[in-house]
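Start from chain S and add chain B according to the hints.
Same order as they appear, the protein sequences are chains S and B. Heads up: the first sequence begins at 9 in this note's numbering, then just goes up one per residue. Heads up: the second sequence begins at 119 in this note's numbering, then just goes up one per residue.
Treat the hints loosely; a few may be bogus.
[What the hints assert, rightly or not] Covered stretches of chain B, going by a simulated chain S footprint (3 or more residues, C-beta under 8 Å):
#1 140–153
#2 176–187
#3 207–218
If you're looking for bench data, these hints aren't it; they were derived computationally from the structure. Computed from a predicted model, the values in this text were never measured in an experiment. Glycine is no exception: its CB is placed at the ideal position from the N, C-alpha and C atoms.
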Amino acid sequence: MASIKEEEVKLIGNLPSMASRKVEIALQLKGIKYEFLEEHDLKHNKSPELLKYNPVHKKVPVLIHSGRPIAESLVILEYIDETWTQEPALLPSDPYERASARFWSKFIDDKCYPAVRKYLTLGSETEVESARAEAQEGLQFLENELKGKKYFGGETIGMVDVVAVGVAFWQQTLEEIMQMEPANSCQDFPLLCAWADELLGCSVISDNLPSKDKFSSLIQSRLQFAAAASAASK
Amino acid sequence: MAKGDVKLLGTWASPFALRVEVALKLKSVDYEYLEENLRGGKSELLLKSNPVHKKVPVLLHGDRPVCESLIIVQYIDEVWTYGPSILPSDPYDRAIARFWAAFVEDKVYPSMRAIMTASHEEARAEAVAKFKEVLVLLEDAFVKSSKGKPFFGGDEVGYVDIAFGAFAGWFKVIEKAFNVELFDEATTPNLLAWVDAFLAHPAVKDITPSTDKLLEFAKNFLLPTMKAVAPASQ
Numbered sequence: 009m010a011s012i013k014e015e016e017v018k019l020i021g022n023l024p025s026m027a028s029r030k031v032e033i034a035l036q037l038k039g040i041k042y043e044f045l046e047e048h049d050l051k052h053n054k055s056p057e058l059l060k061y062n063p064v065h066k067k068v069p070v071l072i073h074s075g076r077p078i079a080e081s082l083v084i085l086e087y088i089d090e091t092w093t094q095e096p097a098l099l100p101s102d103p104y105e106r107a108s109a110r111f112w113s114k115f116i117d118d119k120c121y122p123a124v125r126k127y128l129t130l131g132s133e134t135e136v137e138s139a140r141a142e143a144q145e146g147l148q149f150l151e152n153e154l155k156g157k158k159y160f161g162g163e164t165i166g167m168v169d170v171v172a173v174g175v176a177f178w179q180q181t182l183e184e185i186m187q188m189e190p191a192n193s194c195q196d197f198p199l200l201c202a203w204a205d206e207l208l209g210c211s212v213i214s215d216n217l218p219s220k221d222k223f224s225s226l227i228q229s230r231l232q233f234a235a236a237a238s239a240a241s242k
Numbered sequence: 119m120a121k122g123d124v125k126l127l128g129t130w131a132s133p134f135a136l137r138v139e140v141a142l143k144l145k146s147v148d149y150e151y152l153e154e155n156l157r158g159g160k161s162e163l164l165l166k167s168n169p170v171h172k173k174v175p176v177l178l179h180g181d182r183p184v185c186e187s188l189i190i191v192q193y194i195d196e197v198w199t200y201g202p203s204i205l206p207s208d209p210y211d212r213a214i215a216r217f218w219a220a221f222v223e224d225k226v227y228p229s230m231r232a233i234m235t236a237s238h239e240e241a242r243a244e245a246v247a248k249f250k251e252v253l254v255l256l257e258d259a260f261v262k263s264s265k266g267k268p269f270f271g272g273d274e275v276g277y278v279d280i281a282f283g284a285f286a287g288w289f290k291v292i293e294k295a296f297n298v299e300l301f302d303e304a305t306t307p308n309l310l311a312w313v314d315a316f317l318a319h320p321a322v323k324d325i326t327p328s329t330d331k332l333l334e335f336a337k338n339f340l341l342p343t344m345k346a347v348a349p350a351s352q
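Extracted from the complex, chain S is given alone in its bound form:
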């Protein structure tokens, strides 16, 4: 009889969603086979599966294991770690270190991503400056937390690294694509820079991130939208 671990794993996700990316990375890090069910139009046409498996939030990602759904990316990551206990461990075994990993994961999700997103989509100069300062404050905390470790997880990739994948990606791509001063330049955040290089050097990570072209056009359209909105309100 197959154990529950070997039973069917499906992931309802969406290619542009960073939250979906994080779950895919975690599954691939653990070598778990899964079927990816792509949501093509989250804005106008959510699939019946999504509505059935995540009726509360109607959002991706949703992991379905043996027909049972789990939603919310941080919840999914912990479920993956507890169900498939092979290396790499996403969370350490020591309770204090676990609390620390949960703290930084929440901080990145709740504070860092919204701050960087704001910075990318705001219109006026002053708003951009204040968003940049907010983003940098968050990044400084992360820089301090790295304290010379290879990854946030230590020698191997852990949950915080997976959650922070977007931070690494933005750091590397923005300067190049946008010729725009990113919220985290290597001068200000040398440890984050080294970490991003290390992380994005892993194929399991880089294979799951959008191509630079795709990312560039996404950012361009967001900036155009923001500029138009800003002009319209003047």
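Structure of chain B alone, referenced to chain S:
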């Protein structure tokens, strides 16, 4: 690491600090409570222990700080493994518990704030109606997870009970101050019973501030709102 020397930095009216106290009481952990003076500015200890958020509660275990109430509750569960388990043992049940705790985190406090700070009757009625929609979802979650027992955790108070129940005292304040019913027999019969069961629990009843004391505190901090609507009883 010795299990002695546990301190909790909190404020008496904070539902977030209450979550941690309930968890400590459930596990029969001896701790020292350090009250942060709300009017005196943040203490050195708080700023040093929680430099990122500068907020209570903070658990100090042998001088190592753990921050964010739900993260602290999980830490307590993982360190003090005797006594009742706060999170279930099955990974799927744990994921469900974490999902609903995250839902509570997202929806409950903002809903309560909206009700308490509403500038006029209509706005308040709308805020109450919106909150009741949230409660209907939690009612459904309760039925599924309690399986006929008195708590989300079953026979004993568990993670979601703690996350959500910490606001029970404040629900009573809102009901008294604005003469509204948040829970009712028609839409949330189980939660109606659960609120009182939670407040009567031995780990909760001696540490929950009285409704009148909380009401007085709310009046002092939210004076305009409270004055605008005559309370049901003095």
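Please list, smallest to largest, the hint numbers that this structure does not respect.
1
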